[in-house]
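**Student:** Okay, here's what each chain looks like letter by letter:
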Amino acid sequence: MKNTTVDNNKDNRFELLRELLLAEDREKFNSLSQEIILREKLAKRVSPLVDEKIEDLRENFPVYFGDTITETIKVQIRDSQDEVVEALYPIMGKLVKKAIVSEITKLSDSINKTIKEKFSVQEIIKRFFKGKKNDADVVLQEVFEPIIEEVFIIEKDSGLLSGSYSRGNIADKDMVSGMLTAIKSFAEDAFSKEGQDLEDIKFETFQISLKNFKTIYIAIATSGVLNSGFKDELSDHINNIAEIILRDRSYLAEEEKLNDLIKRHLIQEKSR
Amino acid sequence: MIAKKVLLVGNFGVGKTSLIRRFVTNEFSEDYISTIGVRISKKEVQYNEQIVKLLIWDVAGTSGNEKIPKAYFLGANAAMYVFDLSREETYIALEENLKMVKELSGLQNITLIGNKKDLLTSEELIAVKNKITVPIDLITSAKDDENVEDAFTLLTAESLK
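Here the protein sequences line up with chains A and B, keeping their order. When the first sequence is numbered by full-length UniProt numbering, its final residue is 272 and no position is left out of the sequence of numbers. When the second sequence is numbered by full-length UniProt numbering, its final residue is 161 and no position is left out of the sequence of numbers.
Please keep in mind that the hints were generated in silico from the structure rather than gathered at the bench. Be a bit skeptical, because a hint or two may be false.
Claimed, not checked - As a list, the in silico SDA-like pairs of lysine to any residue whose alpha-carbon atoms are at most 20 Å apart:
1. A/K214 with B/L74
2. B/K43 with A/A182
3. B/K4 with B/S41
4. A/K173 with B/L125
5. B/K4 with B/A71
6. B/K4 with A/N12
7. B/K53 with A/N259
8. A/K257 with A/E150
9. B/K53 with A/K263
10. B/K42 with A/A171
11. B/K4 with A/N169
12. A/K231 with A/F206
13. A/K263 with A/A182
14. B/K43 with A/I170
15. A/K173 with B/N48
16. B/K53 with A/S164
Turn these sequences into a full structure, and let the hints steer you where they fit.
**Tutor:** Following this line, the structure appears as C-alpha cells:
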C-alpha cells in the first residue's frame, strides 16, 4: 500500500513536471491547430471564389488584357523590328509563294483551256481568213477579256454629262463627270506644257481612256487586258460615235437618244 | 431636265462650302472645311416650273497668287462670288476679283454674296455696306440658314439667262 502511495505521489509529480515543461509547447500546438483549422475553413470558402475568378479570367482574357498585350506587342515589334522580320520572313515567304503557285496554276489551266479551244483546226482556219490578231493576243484576250465598264460623253468645258453607259452601278454620274473634268483640267494645267490633253488614267485592274474632241470628250473605263487590236477597234468606234454626235448636236441635248447611240455603237458593236 | 454648271468662288474661309452644304443637304456643319482645288456638288432645283440640275463647282480661294486651273471656270453658266462680311481682306479687292472671274469664265454678271451676317451687329453691317462700292446681291448667313435658298435661286435664274 505504501508503495502504491509512493508511486501515486511519484506519478503526480511527473504529471506536474510534464505540465510545467510542456505547457508552452502545448499552447503552441493548440495555436497551430487553430490556425490550420482556420485555414482549412478559409480555403473551403475561398476556393470556389478563386475557381470562379480563374474561369472568368479564362473567358474574358482578351477583354482584361487585350489592350495591354497589343500595346506590348506593338512596343516589342517597334523595338525589335529586325528580329520580328527575321521570324516572320520565312512564314510570309511561304504564304506568298503558296498564293503565287495557286494563281499561276489557275492561269496555266485557263491558258491551256484557251489554247486547246482556240488552236483547233477550225479556229485556225477561221483566224486565217479573218487575219489581224496574233496568237499571243488571242490567248491574252481570252484569258483577260477586255470589258467596257463605263462610257461617259462629257462636254469638254463645263464637265456636264451628255450621255453615258454603265455596266454596273456607279456613284452619281453627273458628279463623276464633273470631278473627272476637274481632275483632267488639273492634270493638264499642272503637267502639260504644250496644251496637251490627258488621255489615260490607269488603275491596277482597269483604266480610263479619254478621247478628246473639240467640244466633247469621251471617257471609257475598261477592265482586262487591252491588246492593240481591241484598242484600235475601240478607237474606231469612238471616232465614229464622235462624228455622229458632232454632225448632229441634238444628241448632246437628249440624254436618252445619246445613251442609245452609245449602246449601239460602242457596246453592241464591240461584243460582236 | 436642264443641267447647268455654276461656280462658287471667293477667298478661303468665306463660307462657300458651308453655303453649299446648307443648300444641298440643308444642314450646317460647325467644322471648318477648307476646300482643296475644287469640290463638286449637285442639286436639282425647281425654277419657273422647270427642274434645273445644278452642278456646283466650289472653287478654292481665287484672290492672291493661288494657282487654280483656269479650266475650272470654263463652260460655267453662272457664278457666285462670296465674301466674308466680317473680314475686310475678303472684300477689299472685290472689283478686281470680280473682273478676274468674269474674264476667266466669260460671264457678264457675277452674283455677289456677303456671307456670315450672324457675326455682325446691324451697325457693323451698315458700316461694311458703306465701304463696298460694288452692288451686293444678297447678304446671307449659312450658319443661321438666312437667305441661302434665295442666293441659289438668284444663281439658278442667272444660269438660265
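**Student:** Please go over all the hints and tell whether each is borne out by the structure.
**Tutor:** Comparing the hints with the structure gives:
Distance restraint check for A/K214 and B/L74: the Cα-Cα separation of roughly 14 Å lies within the 20 Å cut-off, and the hinted pair is therefore satisfied. Between B/K43 and A/A182 the alpha-carbon distance is near 18 Å, which keeps this suggested pair within the 20 Å criterion. Between B/K4 and B/S41 the alpha-carbon distance is near 12 Å, which keeps this suggested pair within the 20 Å criterion. With a C-alpha separation of about 42 Å, the suggested pairing of A/K173 with B/L125 is violated against the 20 Å cut-off.
Proposed proximity of B/K4 and B/A71 is supported: the alpha carbons are some 16 Å apart, at most 20 Å. Under the criterion of a C-alpha separation no larger than 20 Å, the hint pairing B/K4 with A/N12 is inconsistent with the structure, at around 125 Å. About 18 Å separates the Cα atoms of B/K53 and A/N259, which keeps this hinted pair within 20 Å; it holds. The straight-line distance between the Cα atoms of A/K257 and A/E150 is roughly 17 Å, inside the 20 Å bound, and the hint therefore holds.
Distance check on the hinted pair: B/K53 and A/K263 sit about 24 Å apart at the alpha-carbon level, beyond 20 Å; violated. For the hint pairing B/K42 with A/A171, the CA-to-CA distance comes to about 12 Å; that is within 20 Å, so the pair holds. Between B/K4 and A/N169, the direct Cα distance comes to roughly 24 Å. Violation of the 20 Å bound is thereby established for this hinted pair. Distance restraint check for A/K231 and A/F206: the Cα-Cα separation of roughly 14 Å lies within the 20 Å cut-off, and the hinted pair is therefore satisfied.
Restraint check for A/K263 and A/A182: not satisfied, since their Cα atoms lie roughly 26 Å apart, outside the 20 Å limit. Our distance criterion of 20 Å between C-alpha atoms is met by B/K43 and A/I170, whose separation comes to about 18 Å. Pair hint A/K173 plus B/N48 does not hold up; C-alpha atoms about 26 Å apart against a cutoff of 20 Å. Simply put, B/K53 and A/S164 have alpha-carbon atoms about 17 Å apart, close enough for the 20 Å limit, and the pair holds.
Checked against the numbered hints above, the structure violates hints 4, 6, 9, 11, 13, 15; every other hint is satisfied.
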